[in-house]
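Can you make the complete structure from the sequences, with help from the hints?
Chains as they are written, first to last, in the working numbering: chain Y, 1 to 340; chain X, 1 to 340; chain D, 1 to 340.
Treat the hints as calculated values from the structure; they're not laboratory data.
Hints may be right or wrong, so weigh each one.
Stated by the list, open to error - Listed below are the simulated DSBU-like cross-link pairs for lysine-lysine, each with C-alpha atoms no more than 30 Å apart in a straight line: (1) X/K48 x D/K292; (2) D/K193 x X/K48; (3) X/K292 x D/K321.
As the list claims (entries may be wrong) - So the derived list for chain Y, only partly shown, Cβ under 7 Å to chain X, looks like this: (4) N156; (5) G174; (6) A210; (7) N211; (8) M287; (9) V304; (10) Y316.
Unchecked claim - Each pair of labels, with its calculated beta carbon distance range: (11) X/A93 x D/T25: 45 to 55 Å; (12) D/A338 x Y/S45: 43 to 53 Å; (13) Y/G34 x X/A317: 49 to 59 Å; (14) D/N313 x Y/R47: 21 to 31 Å; (15) Y/Q31 x D/N186: 32 to 42 Å.
Because the structure is a prediction, the values reported are computed rather than measured.
Quick reminder that beta carbons are idealized off the backbone N, C-alpha and C, glycines included.
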Amino acid sequence: MGLTLGELADRIGGELQGDPGCVITGVATLQHAGPGSISFLANTSYRKYLPQTAASAVITRPEFAAECPTATIVSTNPYVAYARAAALIVPPAPLRQGRDPSASIGKDCSIDASAWIGPNCIIGDNVHIGAGTQLAGGCFIGHDSRVGNGGYLHANVVICDGVRIGERVIIHPGAVIGSDGFGLANENGQWLKVPQLGGVRIGNDVEIGANTSIDRGALDDTVLEDGVKLDNQIQVAHNVHIGAHTAIAGCVGISGSARIGRHCMIGGGAGIVGHLEIGDHVTVTGMTMVTKSITGPGVYSSGVPAQENSEWNRNYARFRKLDQLARRLQALERRLGAKD
Amino acid sequence: MGLTLGELADRIGGELQGDPGCVITGVATLQHAGPGSISFLANTSYRKYLPQTAASAVITRPEFAAECPTATIVSTNPYVAYARAAALIVPPAPLRQGRDPSASIGKDCSIDASAWIGPNCIIGDNVHIGAGTQLAGGCFIGHDSRVGNGGYLHANVVICDGVRIGERVIIHPGAVIGSDGFGLANENGQWLKVPQLGGVRIGNDVEIGANTSIDRGALDDTVLEDGVKLDNQIQVAHNVHIGAHTAIAGCVGISGSARIGRHCMIGGGAGIVGHLEIGDHVTVTGMTMVTKSITGPGVYSSGVPAQENSEWNRNYARFRKLDQLARRLQALERRLGAKD
Amino acid sequence: MGLTLGELADRIGGELQGDPGCVITGVATLQHAGPGSISFLANTSYRKYLPQTAASAVITRPEFAAECPTATIVSTNPYVAYARAAALIVPPAPLRQGRDPSASIGKDCSIDASAWIGPNCIIGDNVHIGAGTQLAGGCFIGHDSRVGNGGYLHANVVICDGVRIGERVIIHPGAVIGSDGFGLANENGQWLKVPQLGGVRIGNDVEIGANTSIDRGALDDTVLEDGVKLDNQIQVAHNVHIGAHTAIAGCVGISGSARIGRHCMIGGGAGIVGHLEIGDHVTVTGMTMVTKSITGPGVYSSGVPAQENSEWNRNYARFRKLDQLARRLQALERRLGAKD
Chain Y
1 MGLTLGELAD
11 RIGGELQGDP
21 GCVITGVATL
31 QHAGPGSISF
41 LANTSYRKYL
51 PQTAASAVIT
61 RPEFAAECPT
71 ATIVSTNPYV
81 AYARAAALIV
91 PPAPLRQGRD
101 PSASIGKDCS
111 IDASAWIGPN
121 CIIGDNVHIG
131 AGTQLAGGCF
141 IGHDSRVGNG
151 GYLHANVVIC
161 DGVRIGERVI
171 IHPGAVIGSD
181 GFGLANENGQ
191 WLKVPQLGGV
201 RIGNDVEIGA
211 NTSIDRGALD
221 DTVLEDGVKL
231 DNQIQVAHNV
241 HIGAHTAIAG
251 CVGISGSARI
261 GRHCMIGGGA
271 GIVGHLEIGD
281 HVTVTGMTMV
291 TKSITGPGVY
301 SSGVPAQENS
311 EWNRNYARFR
321 KLDQLARRLQ
331 ALERRLGAKD
Chain X
1 MGLTLGELAD
11 RIGGELQGDP
21 GCVITGVATL
31 QHAGPGSISF
41 LANTSYRKYL
51 PQTAASAVIT
61 RPEFAAECPT
71 ATIVSTNPYV
81 AYARAAALIV
91 PPAPLRQGRD
101 PSASIGKDCS
111 IDASAWIGPN
121 CIIGDNVHIG
131 AGTQLAGGCF
141 IGHDSRVGNG
151 GYLHANVVIC
161 DGVRIGERVI
171 IHPGAVIGSD
181 GFGLANENGQ
191 WLKVPQLGGV
201 RIGNDVEIGA
211 NTSIDRGALD
221 DTVLEDGVKL
231 DNQIQVAHNV
241 HIGAHTAIAG
251 CVGISGSARI
261 GRHCMIGGGA
271 GIVGHLEIGD
281 HVTVTGMTMV
291 TKSITGPGVY
301 SSGVPAQENS
311 EWNRNYARFR
321 KLDQLARRLQ
331 ALERRLGAKD
Chain D
1 MGLTLGELAD
11 RIGGELQGDP
21 GCVITGVATL
31 QHAGPGSISF
41 LANTSYRKYL
51 PQTAASAVIT
61 RPEFAAECPT
71 ATIVSTNPYV
81 AYARAAALIV
91 PPAPLRQGRD
101 PSASIGKDCS
111 IDASAWIGPN
121 CIIGDNVHIG
131 AGTQLAGGCF
141 IGHDSRVGNG
151 GYLHANVVIC
161 DGVRIGERVI
171 IHPGAVIGSD
181 GFGLANENGQ
191 WLKVPQLGGV
201 RIGNDVEIGA
211 NTSIDRGALD
221 DTVLEDGVKL
231 DNQIQVAHNV
241 HIGAHTAIAG
251 CVGISGSARI
261 GRHCMIGGGA
271 GIVGHLEIGD
281 HVTVTGMTMV
291 TKSITGPGVY
301 SSGVPAQENS
311 EWNRNYARFR
321 KLDQLARRLQ
331 ALERRLGAKD
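Have a look at this one:
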């Protein structure tokens with residue numbers, strides 16, 4: 001039932017300015033916090049709420065501590081410090097063990113006694129479920145798949161056959177892992193299905209968002225390395241390889257055999273063409289269309305932000321003749337003897 | 001078994017031109033209607049089908065009534081009048097009551113006797129389900145959630161813990177409400193999960209499309225006000241706030257803490273950056289990228305429509321050097337003494 | 001337990017160069033194949049792996065046969081030949097028959113004795129399931145729907161009421177077929193639901209990807225003709241009509257009443273506006289925005305590929321004033337007497 005500010009500062013690794021005996025029982029935003037709550041300031045656009053906050057304490061950077069009307073825990077990375085604090089103050093729901101009688105479990109499975117198999121889960125043959133792993137309900141796990149220790153599969157997650165998932169992996173509702181890739185061979189105008197015989201290999205500490213789809217490989221595996229974080233509504237095609245600690249925001253589509261490096265950040269709605277390579281530490285901003293490999297680190301963008309509709313109409317009409325416009329400019333330059 | 005045109009005109013509020021005793025038993029498009037059916041003309045691109053329609057009656061605007069070869073119900077808003085007529089002529093399937101024996105129901109729930117809990121539904125503890133609300137089957141409702149009166153949850157909908165849903169809310173199959181937001185703090189290149197402790201609050205008369213995802217808030221709630229309509233495959237991130245009577249078409253992605261006003265229309269595939277504000281009565285056309293706040297009412301757009309591929313190739317190559325092109329133009333203007 | 005190269009060449013219709021008695025027991029990529037495996041070279045960007053492959057045989061085009069260090073099956077369409085070979089060498093899992101006791105089945109259904117209704121499936125009244133069709137588990141089939149012979153519905157697929165599906169149709173997990181279209185009539189700023197009374201009609205040999213959504217028609221049906229292939233995370237709105245043998249990649253959104261021809265290819269993330277028509281044999285590249293009808297065959301594109309962020313910033317700023325820039329050029333041209 002709560003921690004003192006002194007304990008909290010110790011455990012999250014920040015410097016306390018204020019009463020170490022003050023008891024914290026909740027977390028809240030600067031705007032909505034009251035006595036007993038701790039808040040944080042990480043994104044400076046919320047700085048305006050700091051002077052009036054009613055929180056008992058605020059986690060923030062050294063430079064904002066002076067503006068804070070209350071106790072502070074000073075940290076050079078206040079968002080990380082806050083994440084730790086929140087996990088301590090609001091502990092997650094207790095884990096369950098065993099299996100609901102409505103679950104259907106195949107042959108030759110090894111399901112750890114400390115795992116929880118919720119109502120209406122369907123588990124195929126030769127499946128391994130690790131210690132403490134929770135299947136909330138309505139989950140389907142295909143034959144020969146394994147989910148490591150400490151995982152959490154939310155409701156209605158589907159894991160197809162032959163998928164290997166590491167430890168502490170969180171999968172949100174409706175996500176599908178290991179569906180067939182979009183492999184089609186064209187014969188005289190009709191499409192022939194190409195058997196999708198690879199699997200999916202997911203490392204440790206991966207998180208996969210709601211209604212996201214990850215296809216199995218055509219022959220080799222689709223791979224998500226350790227610490228990859230995928231948001232909701234993402235499409236990962238067959239044989240994509242995503243490097244460790246890369247984070248991908250919602251609605252991104254990644255085409256087949258694309259290879260994305262480590263520590264990348266891909267913005268929402270971006271699209272990545274197949275059979276290309278993105279190096280480590282690359283940031284792709286939202287709605288960008290990546291059509292060629294990107295080697296170096298850096299930030300890459302495309303797309304055009306919104307304009308008032310009639311302005312946009314005039315501009316895109318010009319865009320459709322941009323090449324002509326450039327040639328007309330060139331012609332003038334030539335006439336005037338300008339350097340091209 | 002059918003209504004007369006006279007009754008129908010009365011109940012939908014239009015002016016009848018034709019035989020009030022004519023019995024209508026079905027609804028159909030202008031092209032496919034036959035005797036006994038009523039049709040409508042709202043989108044003028046279908047006007048070409050009006051002269052040949054075999055419908056017994058057509059709901060349309062005053063200016064098209066003269067062209068109609070059959071009885072008409074004249075209305076200034078024929079699409080609304082048609083919607084009412086269709087609901088009267090083709091009544092929805094009867095509601096069910098009670099619970100399928102395969103449903104799994106937690107402790108301390110208050111489920112109205114007139115609600116229907118379909119096969120394989122999984123209901124957590126302390127859940128409230130209102131009068132007449134229908135759960136089709138395979139739905140999951142987490143602990144401490146509530147769904148108001150007159151709702152309809154289609155198959156395999158997932159509602160996570162602590163979600164509050166108003167009255168007459170329709171949720172289509174595969175939608176997920178209340179999954180964790182994409183909250184990650186970066187510590188030395190690795191991502192630390194930020195606990196997602198807020199909820200989702202959904203007003204009355206909201207409709208949510210198939211396979212759409214709505215994340216819970218990080219601390220405060222994600223909010224959909226009354227009358228919000230979401231199409232399929234939409235991503236609503238944590239702490240988004242959508243104002244009353246706003247309609248959002250398929251495949252839209254809305255990033256965290258974006259605030260969208262009332263009576264907005266967001267076209268399909270648009271993307272909205274986080275932490276910005278869109279005012280009331282704003283229309284965003286399809287595939288637009290909104291990167292900054294939009295205050296006033298109006299229509300906003302971006303993106304460039306399709307061109308034949310080789311033209312497009314030439315144009316986008318110029319776009320990539322558009323700044324240089326503008327500077328070259330400026331240089332010519334300076335040489336010629338033109339006003340910039 | 002394996003086929004000889006001689007048998008394989010006969011059955012897939014290629015010309016064998018090498019030992020016809022060599023036994024093949026697996027398939028693999030050029031890079032990872034070992035003895036006993038057959039590989040293929042179709043996409044020339046993988047040609048670099050050909051000289052070092054350890055495969056026992058490679059399926060490839062005549063022009064690459066000489067470079068191959070091992071036996072070859074020469075084919076003018078090696079990807080089709082490979083697809084056939086893979087299906088012979090790695091046969092699909094055996095079909096199941098009957099029904100799991102946990103399945104819930106409505107009244108007046110006709111379910112072929114050779115079909116399999118997996119655990120926790122929910123089947124409405126008056127449903128037809130054809131010979132050999134497999135429902136993996138957790139599937140929901142609404143009233144009055146039919147699935148033809150030889151189909152495969154993977155886990156947690158939802159088919160709503162009144163959907164007609166042809167033969168040999170594969171539907172991947174989480175897909176939703178027949179949800180209500182986004183039909184809304186605006187009355188004084190509030191949205192009135194327009195009843196969605198049409199169905200969905202799906203031809204033979206169609207494949208539908210994971211978490212894809214296909215809405216029912218408003219009055220007439222939404223139609224997918226024979227041989228249509230849809231990838232994951234696609235949105236097909238009400239009354240869309242997709243012609244035979246058209247393939248659509250992931251994350252595409254198709255608005256209501258759009259009509260797409262036969263033998264089209266639509267790239268990932270493209271968006272197609274409603275009430276337009278795309279002719280036969282049209283290719284739309286990834287992330288293209290189609291806002292007008294496209295009559296002829298050909299390739300159509302839009303969007304601008306990624307650039308380094310600071311370059312992009314300069315260019316899109318100019319795009320926002322592109323009409324002004326064009327007018328300035330025109331003014332210079334007029335001054336100089338250039339032909340426009």
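Hints versus structure:
1. X/K48 x D/K292: holds, 19 Å
2. D/K193 x X/K48: holds, 26 Å
3. X/K292 x D/K321: Holds. X/K292 to D/K321 sits at ~17 Å (cutoff 30 Å).
4. N156: holds, 5 Å
5. G174: Holds, because the Cβ-Cβ distance from Y/G174 to chain X comes to roughly 5 Å (cut-off 7 Å).
6. A210: For Y/A210, the interface hint holds, since the closest Cβ of chain X sits about 4 Å away, which is under 7 Å.
7. N211: It holds, given that the least Cβ distance between Y/N211 and chain X is near 5 Å, below 7 Å.
8. M287: holds, 5 Å
9. V304: Holds, because the Cβ-Cβ distance from Y/V304 to chain X comes to roughly 5 Å (cut-off 7 Å).
10. Y316: holds, 5 Å
11. X/A93 x D/T25: 45 to 55 Å: For D/T25 against X/A93, whose Cβ atoms are near 54 Å apart, the range 45 to 55 Å holds.
12. D/A338 x Y/S45: 43 to 53 Å: holds, 49 Å
13. Y/G34 x X/A317: 49 to 59 Å: Hint holds: Cβ distance 58 Å, inside 49 to 59 Å.
14. D/N313 x Y/R47: 21 to 31 Å: holds, 25 Å
15. Y/Q31 x D/N186: 32 to 42 Å: This hint holds: roughly 34 Å between Cβ atoms.
The structure fails none of the hints (numbered hints given earlier).
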